[in-house]
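*Asks:* Each chain sits in its own coordinate frame; assemble them with the hints.
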Amino acid sequence: MKQYITLLFTLLGLNLLAQSSTISGTVKDGENGEDLFEALIIVKELSNTGAKTNAYGFYSLTLPNGTYTLIVRAPGYDHKEIEVELTSNKRMDVELFVPSAVKEIQEVEITATKENDNITKSGMAVTTLTPKDIETIPVIFGEKDIVKTLQLTPGVKAAGEGNAGFYVRGGGADQNLVLIDEAPVYNASHLLGFFSVFNSDAIKDVSLYKSGIPAEYGGRASSVMDVKMKEGNNKKFGVSGGLGLISSRLTVEGPIVKDKGSFIVSGRRSYLDLFLKASKDQDLKNTKLYFYDLNLKANYKITDRDRIFLSGYFGRDNLSFSDIFGFRWGNATGTLRWNRIINEKLFSNTSVIFSNFNYSFDIGADDEKFGVSASIQDWNVKQDFNYYANRNNSLKFGFNAIYHTFKPGELNSTVSAFNQLKVADQYALEFGVYAQNDQKIGDWFSIMYGIRYSGFNYMGKGTAYEYDENGVKTNETAYKDFESIKYHHFLEPRVSMSFILSEKNSIKLAYNRNSQFLHQLSNSTTSSPTDIWVPSTNNVKPQIADQIALGYYRNFVDNTYALTTEIYYKHLSNQIDYRNGANLFLNEEIEGGLVYGKGRTYGLEIQFEKRKGKFTGWISYTLARSLRQFDAINGGKEFSARQDRIHDIAIVAMYRVSKKIALSSNFIYYTGDAVTFPSGKYEVNGTIVPYYTERNGYRMPNYHRLDLGMTVYFKERPKFEHNLNISIYNVYARENAYTIRFEEDQDNPGKTKAIQTSLFRIVPSITYNFNIK
Amino acid sequence: MKTYSIFSLLLVFALLSCEKEIDVDLNDSNPKLVIEANYVANDSIVMVKVSKTGSYFDNYTTNPVNDAVITIRENNGTETIVPLSADGYYELANYIPTSGATYTIKVTHEGVDYSADSKLMPTLQFLPSTYVYQEESLFSDAGYWITYRFQDYSGVGNCYKLITTYGGERYDKFGEFSTGSDAYTDGNLIERPLIEAFQAGDTILLELQSINQRVYDYYSQLSSNTSSFTAAAGNPDYFWSNNALGYFSAYSYSTEEVIIVE
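As given, the protein sequences belong to chains D and R, one line each in that order. Start counting the first sequence at 1; every next residue gets the next number (the working numbering). Start counting the second sequence at 1001; every next residue gets the next number (the working numbering).
The shape of chain R in the complex, shown without the other chains (with noise of 0.2 Å):
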C-alpha cells in the first residue's frame, strides 16, 4: 500500500528518526539455479536463459550457466535439444506450434533434472486503440492517455500480459498494471488505459502477451513479493521441479502500433 510511505514520511519528520547504512551478514553461500523460459508461438522459436542468483548486496552479474542440457516437447511427443546460442543463453528455431498444445521444457543440470509445464493458450487479438487528451490532475501528468482494447474469449480463462516499446525502451514489467486475468471479465470486451501519459508525435507499440493462468499466478506473486512492506516475504510458488526459479511462458502474441496525432 502506497499510504504507507506517506505514513512514514510523516513519521520520520514528527518523530526524530535517523537512518544510517548498516552492515547485515546475508547468507549467499548457496546460489540457486534460474531458468527463464519462452517460447513464442508466432515466432516458433524456443528461448531459454540460465544462470544463477547472485549475492544480495553485490553488482548484479548474470551468473550465467553454459553447461545445462536443455529440451523441449510437444504434449507427450518427442524431445526436441534447446541448443546453448550465446553466454547463458539457448534457442531453438523453427519449432512450430499447436494450437492448445502443452509444452514441457527439461533442463539438466550438475545431475539434477527441472522440468515444468505450460500450455499454450488461444492469441488475443488486439482492436484499434483509442486515445484522449487530459489536463494535468493530481492522479496525472497533462498528455494523451492511450486506451487498449480485445475481446477476451469466454470460458478460456485467459490471461494477459502487456508490453510497451516507445523512446527506443521495451518495458517488460510483471506488475498489476500490466498483467491481467480474465477471472472477473470473462468474455468481455476489454480496455484499460496505458498508466503514462503521452504527448503528440510519439510512436508506441504494444504486445499483448497471450499467457496462460499459471504464469500470470507467477507473475503477481513476483509483483507483490518484491514490494518492501509485505509481511509475507517469500518466492513466487515454484514454477520449476526440483525448485528452481524463474518460469516457463508458452505464448503468443499480437501488436499494435499507436502514433498519437494531436
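Only chain D is shown next, with the shape it has when bound in the complex (with noise of 0.2 Å):
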C-alpha cells in the first residue's frame, strides 16, 4: 500500500521534503469587483510556473519558501508586478484595472509580455469571448448576441440565416449544453430562432468547449456553451443600457454592502409589436410579438471564506394573432451558491440549480379553445472542488444529481371534436461524479486527464412500452414511483495534452468520450420551441460522442498574430431519426417511431487572428463533413447531415480609427445546407405525390453576406460614458435561400415551379448605448 501512495505522490510530483507555502486569494477588476476568471498569477523567478483563476476568482499557488515577484494578469487589464515574501501559508487578494481609454491605445505594446496563454494552457478548442470582445462587431438589428459572435469562429455553425441555434463540429443543435450560471437553458433563443437568450448587458464572458471538454461537464455530446452572468458592482451603483431597433435593455448594479455583496438586475424588452398597434388592420393591432429577459444575480461575502449567490433568469416570448392564435414560450433558470475557500489550497462550490422549459399554445377564443402545452423542469445539486495541490497540479472533483420531469404534451379543449388527451409525464436521475487533475511536466509538456462516470436512471412512474424492429407496440409494463424503468451508464475519459515547443508555438492533443441522455426531436426542418426533449429510456438509447482532435498553435511578432489549426474526427453512435410517418406530436407511442444510426464527423479548422492594436479581428476558415447512417434510411447508405457544410469562411475585421470612432465588418461564406428534394413525381389515387431518391441529396444554394458597423463614443465625463452603433447587414443584398418549397404554377396547371424565400437584405439598425456610472 505504501508504495502504492509514494508512487501517486510521485506522479502527482509531490515534493515531500522541501518546506513550501500556498499563496492564495482571489483576483477581481478593481473597479467593479467583478471575478476574473482565468488571471494568470506568474513566477518571474520560476519559468513556466504559475497559476490561474478559477470561475470565482480563486487561485492558489505553492511554492518553496522565498522571495518572488508574482506577475498578475488577465487580458484586457493593467497587469501588477507584487514582490512577497513567502515563510507560511499567505492570502493575497489582487485587484486589476483596465487601463483608461487613452492609455489603451498607447500601451497596447507594453502589456503584450506573457500573452501567450493559448500557446502554453493544457485545453484545447476553448473560445472565450467578453461582450467587450463583441461591443463594436456588426449584427442583424443591432442586437449585440455573444451566441452569434461565437457563430463567427471555427467549427461553430449557424442553425440558419440570422438563427441563433448553433452547430459545432458537425453536431446537432441538441448535443450542445447550454448553462447560464450553471444552470442548463433547454430553448436558447428567441423568437423563432433569431436571437439568443443572453443578453450582453448581463453576461461576464461566455467559453465555449469543442474538444477535450474538461470532466466536470457531462451530458451533451458535441460541445460546452458555459455563460457566465456578472456579480454585479460591489464598489458603487450604476446603471446602463442600451435603446435598438427591435429591443430596450436596462441594467441596475451596486452594492449590497461595499466591497461584501452586489446586485445585479438586467432587463431586456422587445418591442416590435408596438410596431404593429400602428396598423389599421384590427388584427395586425391586437397581434402580440415580444419576448423579454430578466437577469438577476446578488452576491454576499458571509465571511473571509465565504461567499453566496442567488442569480436567475427568466425569459419568455409571446406570439398571437388576434384572438385566433397565441403561442407562449420561455426558460426560467434560477442557481443558489455557495462558494468556500476550505483552506489555501482546497475551494468548494455548492449549487443548488433550478431550470424550467415550457411552451404552449392555444387556438381559438372563448368557448371554442383549444391549447397544447408541454415542459421539462430539473432541480440539480451540484458540488464541486478544486484542490490546488502544488504548483504542477491542480485537481478538480466532485458530483451533481439532476432530477428531470418531463411534461410530453397535454391537450385542453372546449371543443367537443377534440378529446382532452395528456402524454404521461417521464421521469428520471441524471448524475455524474468526475475526477482531473490539470498537471504541468517539466517545462514543455502539461496533461489534463480525467474521467467523469454519467448515470441516468430512467424511472417511474410511468408505462414502459415495447416495440418491434417496425415499431410497433408488443408489450407494456407499469413502473411505480421512482422504480427504475432502465439504468443507463458510461466511463468517459477525457484527456488533452500540451507540448509547448517554445515560447510562440505548441502542438495539442486531445480525446473525449461524451454521453448524452437528452434527446430533441423535431418534426420540421426549421427550428422551433415545440421540438420535443425526450429521455434515454428502455427504448431511445442513450448518444455517445468519440472525439479525437490535434492543434498546431503559433504566435508571431510578440503575440501580436495568433494561428490555430485543429483537425478532428468525430464518432456518433444512437443518432436518432424518425422511421418514414413517425408522428412526434402528443404521442404516447413516440418511442416507436425512431431510428437509431451512426455518425461521423472530420474536419480541418484554421484561424488566423490579429490580437492587438488599432486593427484586430480574425480569418477563420472550416473544411468538414458530417456524415450519419441509418439502417432504415437511405437505403442504409451513408448520407450528409443537414448541418454537412462543407466549407466555411468568417473574416471578422475591426479597426479603431481613433478614439471616437470604431468600424468593423463581417464576411461570411458557407456551403448550402444538405436537403431532401423530390427528383421526380408520379400518381397515387389520382393525386401527384414527389418521388425521393436520397435523404439529404441536394444541397441549399451557398450563403454569403457582408456586414458592416460604425461605433462612435461620444466625449466621456467621469460619471457618464455614451456611444451610438449603426450597422448595416447583408449590405449588397444578397438573396440568401431561407426554405425552398414547390408548388404548381398557377398559370401552368401541372407544372411545379420552386420557390425561395430569402429573409434579410440590406438590414441597417442603429443602437444607442449608455452608462451611468
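It is possible that part of the hints are untrue.
[Said to hold, decoys possible] Capping the alpha-carbon separation at 30 Å, the derived lysine-lysine pairs in BS3-like fashion look like this:
| hint | chain 1 | residue 1 | chain 2 | residue 2 |
| --- | --- | --- | --- | --- |
| 1 | R | K1106 | D | K681 |
| 2 | R | K1119 | D | K681 |
| 3 | D | K473 | R | K1173 |
| 4 | D | K235 | D | K301 |
| 5 | D | K715 | D | K610 |
| 6 | D | K753 | R | K1032 |
| 7 | D | K637 | R | K1106 |
| 8 | D | K258 | D | K90 |
| 9 | R | K1020 | D | K285 |
| 10 | D | K637 | R | K1032 |
| 11 | D | K369 | R | K1173 |
| 12 | D | K288 | R | K1020 |
| 13 | D | K610 | D | K132 |
| 14 | D | K753 | D | K614 |
| 15 | D | K753 | R | K1119 |
| 16 | D | K258 | D | K773 |
| 17 | R | K1032 | D | K473 |
| 18 | D | K614 | D | K659 |
| 19 | D | K204 | D | K301 |
| 20 | D | K753 | R | K1173 |
| 21 | R | K1173 | D | K751 |
| 22 | D | K235 | D | K659 |
| 23 | R | K1173 | D | K681 |
[What the hints assert, rightly or not] Facing chain R, from chain D, some residues (calculated, C-beta under 7 Å):
| hint | residue |
| --- | --- |
| 24 | N286 |
| 25 | T671 |
| 26 | G672 |
| 27 | T676 |
| 28 | P678 |
| 29 | S679 |
| 30 | G686 |
| 31 | I688 |
| 32 | Y691 |
| 33 | Y692 |
| 34 | R717 |
| 35 | G750 |
| 36 | I755 |
| 37 | Q756 |
| 38 | T757 |
Don't read these hints as lab results, they were simulated from the structure. Even glycine gets a Cβ: it sits at the ideal position worked out from N, Cα and C.
*Replies:* In C-alpha cells form, the structure reads like this:
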C-alpha cells in the first residue's frame, strides 16, 4: 500500500521534503469587484510556474519558501507586479484595473508580455468571449449577441439565417450543453431562433468547449457553452442600457454592502409589436410579437472564506395573432451557490440549480378553444472541489445529480370534437461523478486528464412500452413511483495534452468521450420551441460521442498574431432519426417512430487572428464533413447531415480609427445545407406525389453576406459614457435561401416551380448605448 | 403542423422577406416504375396501373408502361394473367375472392420481377349515417355535418379508407381524415364526422374500403411525406420487391348513400 501512495505522490510531483508554503486568494476587477476568470499569477523567478484563477476568481499557488515577484495579469487589464516573501501560507487578494481609453492605444505593446496563454495552457479548442470583445461587431438589428459572434469562429455554425441556434463540429443543435450560471437552458433562442436568450449586458463571459471537454461537464455529446452572468458592481451603483430597433435594455447594479456584496438586475424587452399597434388592420393591431429577458443576480461575502450567490434568468416569448392564436414559451432558471475557501489549497462550490422550459399554444377563443402545453423541468444539486495540490497539479473533483421531469404534451379543449389528451409525464435522475487533474511535467509538457462517470436512471411513475423492429408496440409494463425502468451509464475518459515547443508554438492533442441522455426531436426543418425533449428510456438509446483532436498553435510578432490549426474526428453512436411517417406530436408511443444510426464528422479548422493594435480581427476557415448512416434510412447508405457544410469562412475585422470611432465588418460564406428534394413525381389515386431518391442528396444555394458596422463614442465624462452603434446587415443584398418549396404553377397547371424565400436583405440598424457610473 | 404556416405568415410580414422563383437542378434522369394495383373483391376485378415517374418540374404525364407481364395468385395457388386493357392499364375481371386469402401480384418488366402481397380483410359494414346542422364556427362552415358509422371487428386489426362522391366528383384521398386503423378502437362502434359541411338536398355517396394494415401504413406515410415541412422527406416504405413505387391493395367495400333532408 505504502509504495502505491509514494508512487501516487511521485506521479503528482509532490515534493514532500522541501519546505513550501501556499499563497492563495482572489483576483478581481478593481473598478467593479467582478471576479476575474482565468487571470494568471506568474512567478517571475521561476520559468513556466504560475496559477490561474477559477470561475470564481480564486487561485492557489504552492512554492518553496522564498522571495518572489508575482505578475498578476488578465486580458484587457493592466498587470501588477507584487513582491512577496513566502515563509508561511499567505492570503493575497489582488485587484486589477482596465487601462483608461487614452492609455489603451499607447500601451498595447507594453501589456503584450506573456500573452501566450493560448500556446501554453493545456486545454484545447476553448473559445472565450466577453461582451467587450463583441461590442463593435455588426449583428442583425443591432442586437449584440454573444452566440452569433461565436458562430464566426471555426467549427461553430449558425443553424440558419440570423439564427442563434448553432452546430459545433457537425453535431446536432441539441448536442450543445448551454449553461447560464450552471443552469442548463433548454431553448436558448427568442423569436423562433433569431435572437439568443443571452442579454450581453448581463453576461460576464462565455466559454465554448469544442473538444477536450473537461470532466466537470457532462450530458451533451458535442460541446459546452458556459455562460457566466456578471456579479454586479460591489463598489458603486451604476445604470447602463441601450435603445435599439428591436429591443431596449436596462441594467442596474450596485453594492449591497460595499466590497462585501453586490447585485445586478438586467432586463431587455423587444417592441416589434408596438409598430403593429400603429396598423389600421384590427387583427394586426391585436397581434403580439415580443420577448423579454430578466437577469437577476446577487452575491454576498459572509466571511473572508464564504460567499453566497443567488442568480436567476427569466425569459419569455409571446406570439399571438388577434384572438385566434397564441403561442408562448420561455425558460426560467435559478442558481443558489455557496463558495467556500476551505483552506489555502481547497476551494469548494456547492450549488442548487433549477431550470424550466415550457411552451404553450392555444387556438380559438372563449367557448371554442383548444390548447397544447409541454415542459421540461430540472432540479440539480452540484458539488465541485478545486484542490491545488502543488504548483504542478491542480485537481478538480465533484458530482452532480439532476432530477428531470418531462411533460411531453397535454391537449386541453373546450371543443367537443377534440378529446382531452395528456401524454404521461416522464421522470429521470441523471448524475455524474468526476475527477480531473491538470498537471505540468517539466517546462514543455502539460496534461489534463480526467474521468467522468455518467449515469441516467429512467424511472417511474410511468408505463414502459416495448416495440418490435417495425416500431409496432408489443408490450407495456407499468412502473411505480421512483421504480427504475432502465439504467444507462458510461465511463467517460477525457484527456488533453500540450507539447510546448517554444514560447511561440505548441502542439495539443485531446480525446474525449461524452454521453447524452436527453434528445431533442424536431418534426420540421426549422427550429421551433415545440421541438420535444425526450429522455433516454428502455427504447431510446443514449448518444455517445468520441472525439479526437490535434492542434498546432503559433503566435507571431510578440503575440500580436495567433494562428490556430486544429483537425478532429468525431464518431457519434445512437443518433436518432424518424421512421417514415413518424408522428412526434402528442404521441404516447413516440418511441416506436424512432430509428437509430451512427454518424461521423471530421474536419480542419484554421483561424488566423490579429489580437492587438488598432486593427484587430480574424479569418477563420473550416473544411468539414458531417455524415450519418441509418439502416432504416436511405437504403442504409451514408448521407450528409443537414449541417454538413463543407466550406465555412468567416472574416471579422475591427478597426479603431480614433478614440471616437470604431469600424467593423464581417464576411461570411458557407456551403448550402444538405436538403432532400424530390427527383420526380407520380400519381397515387389521382393525386400527384413527389418521388425522392436520396436523403439530403441536394444542397441549398451557398450562403454569403457582408455586414458593416460603426460605433461612435461620444466624449466621455467621469460619470457618464455613451455611444451610438450603426450597422448594416447583408450590405450587398444577397438573397440567401431561407427555404425552398415547390408548388404548382398557377399559370401553368401540372407544372411545378421552385420558390425560394429569403429573409434579410440590407437591414440597417441603430443602437444607442449609455452607462451612468 | 398547420401552425407553421401561421408562423411563416407572421415572419413574412415582420421580417422583410422576399420570394422568387428559382431554378433547381433536380436529377430526374432515372425514371422509376410505379405500380398501383387494386383487387376489388366485391366486384371480382383486378386493376393494375403501371407507369414511370415523370420529371418533377414538367407537366405531369402518366408515362404508361404497356409491355409489363402481370399475374395474380391466391395464397399459393396458380398464377392468372392480368392482361393489358388500355394504355398503361391492366385488368382482369371475374376473379373470384376467397375470404381472408392473401393475394400476390407479380409484375415483370424489362427482365425484373416486382411482387407484392396483400391480405383480404373482412368487410366493414356501414351502419346508417346521421347528420346534424351546425352554425358557422371558427373551425367550420355552416351546414350539415355527416357522421358515418360502422362496427369494428374485435381482434382482427381492421383498417379502412373512406371515399366520398358528391357533385359528380369522387374524392379518393389518402390523408389522415380519410383513412383509419383500429389500433385504439378495436371492436368498437366507430362514429366519425366527415370533414366537410353539406347543404340540404345534397346527395353524398360513401364508400368504405376495408384495407389491411400495410396499405394503411403506406397511405399514412405517403400523406406525412408530402407535407412541405417534414424533417424526414422520403418515399413510403417500398411495397413492391425490387423497389418499385406504388402499392397493392386487396380490399372489399360497403357503400352508403346519404341524402340531406332539411
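*Asks:* Give a verdict on every hint.
*Replies:* Verification of the hints:
About 23 Å separates the Cα atoms of K1106 of chain R and K681 of chain D, which keeps this hinted pair within 30 Å; it holds. A C-alpha spacing of about 28 Å is found between K1119 of chain R and K681 of chain D, which places the hinted pair at or below 30 Å, so the restraint holds. Restraint check for K473 of chain D and K1173 of chain R: satisfied, since their Cα atoms lie roughly 27 Å apart, inside the 30 Å limit. A C-alpha spacing of about 14 Å is found between K235 of chain D and K301 of chain D, which places the hinted pair at or below 30 Å, so the restraint holds.
Proposed proximity of K715 of chain D and K610 of chain D is supported: the alpha carbons are some 28 Å apart, at most 30 Å. Between K753 of chain D and K1032 of chain R, the direct Cα distance comes to roughly 21 Å. Compliance with the 30 Å bound is thereby established for this hinted pair. Of the pairs offered as hints, the one joining K637 of chain D and K1106 of chain R holds, with about 28 Å between alpha carbons and a cut-off of 30 Å not exceeded. At roughly 24 Å between alpha-carbon atoms, K258 of chain D and K90 of chain D fall within 30 Å of each other, so this suggested pair holds.
Note on K1020 of chain R and K285 of chain D: the hinted pairing holds, with a Cα-Cα distance of about 29 Å set against a maximum of 30 Å. For the given pair, K637 of chain D sits about 19 Å from K1032 of chain R by alpha-carbon distance, which is consistent with the 30 Å threshold. Our distance criterion of 30 Å between C-alpha atoms is met by K369 of chain D and K1173 of chain R, whose separation comes to about 28 Å. Pair hint K288 of chain D plus K1020 of chain R holds up; C-alpha atoms about 28 Å apart against a cutoff of 30 Å.
Using a Cα cut-off of 30 Å, the hinted pair K610 of chain D and K132 of chain D holds, with the two alpha carbons roughly 16 Å apart. In summary, the hint linking K753 of chain D to K614 of chain D is not supported, as the alpha carbons are separated by about 51 Å, beyond the 30 Å threshold. For the proposed pair K753 of chain D and K1119 of chain R, the alpha carbon gap of about 39 Å is over 30 Å, so the pair is violated. For the hint pairing K258 of chain D with K773 of chain D, the CA-to-CA distance comes to about 15 Å; that is within 30 Å, so the pair holds.
For the given pair, K1032 of chain R sits about 33 Å from K473 of chain D by alpha-carbon distance, which is inconsistent with the 30 Å threshold. A hinted pair counts as satisfied when its Cα atoms are at most 30 Å apart, and K614 of chain D with K659 of chain D qualifies at roughly 10 Å. Using a Cα cut-off of 30 Å, the hinted pair K204 of chain D and K301 of chain D holds, with the two alpha carbons roughly 19 Å apart. As the CA atoms of K753 of chain D and K1173 of chain R are separated by approximately 23 Å, the hinted pair is consistent with the 30 Å bound.
For the suggested pair K1173 of chain R and K751 of chain D, the alpha carbons sit about 21 Å apart, so the restraint of at most 30 Å is met. Restraint check for K235 of chain D and K659 of chain D: the C-alpha separation of about 27 Å stays at or below 30 Å, so the hint holds. Using a Cα cut-off of 30 Å, the hinted pair K1173 of chain R and K681 of chain D holds, with the two alpha carbons roughly 17 Å apart. The restraint placing N286 of chain D at the interface with chain R is violated, with a minimum CB-CB distance near 13 Å, outside the 7 Å limit.
For T671 of chain D, the shortest C-beta to C-beta distance to chain R is roughly 16 Å, which exceeds 7 Å, and the interface hint is violated. With a cut of 7 Å, the hint placing G672 of chain D at the interface with chain R is violated, because the nearest CB-to-CB distance is about 11 Å. Interface restraint check: T676 of chain D against chain R, minimum CB-CB distance 4 Å, threshold 7 Å, status holds. Taking 7 Å as the C-beta contact cut-off toward chain R, the hint placing P678 of chain D at the interface holds, the least distance being around 5 Å.
At its closest, the beta carbon of S679 of chain D sits 5 Å from a beta carbon of chain R; the interface hint therefore holds under the 7 Å criterion. Using the Cβ-Cβ criterion of 7 Å, the hint placing G686 of chain D at the interface with chain R is satisfied: the shortest such distance is roughly 6 Å. Satisfaction of the interface hint for I688 of chain D is found here, the shortest Cβ-Cβ separation to chain R being roughly 5 Å, below the 7 Å cut-off. Annotation: interface hint on Y691 of chain D holds; nearest CB of chain R at approximately 5 Å, less than 7 Å.
Annotation: interface hint on Y692 of chain D holds; nearest CB of chain R at approximately 5 Å, less than 7 Å. Because the smallest distance between the Cβ of R717 of chain D and any Cβ of chain R comes to about 38 Å, over 7 Å, the interface hint for this residue is violated. The interface hint given for G750 of chain D is met, as the beta carbon of that residue sits about 4 Å from the closest beta carbon of chain R, less than 7 Å. Hint status for I755 of chain D: holds, given a least beta-carbon distance of 6 Å to chain R, under 7 Å.
Interface restraint check for Q756 of chain D: the shortest CB-CB distance to chain R comes to about 4 Å, inside 7 Å, so the restraint holds. Satisfaction of the interface hint for T757 of chain D is found here, the shortest Cβ-Cβ separation to chain R being roughly 5 Å, below the 7 Å cut-off.
Of the hints listed earlier, those the structure fails to meet are numbers 14, 15, 17, 24, 25, 26 and 34, in rising order.
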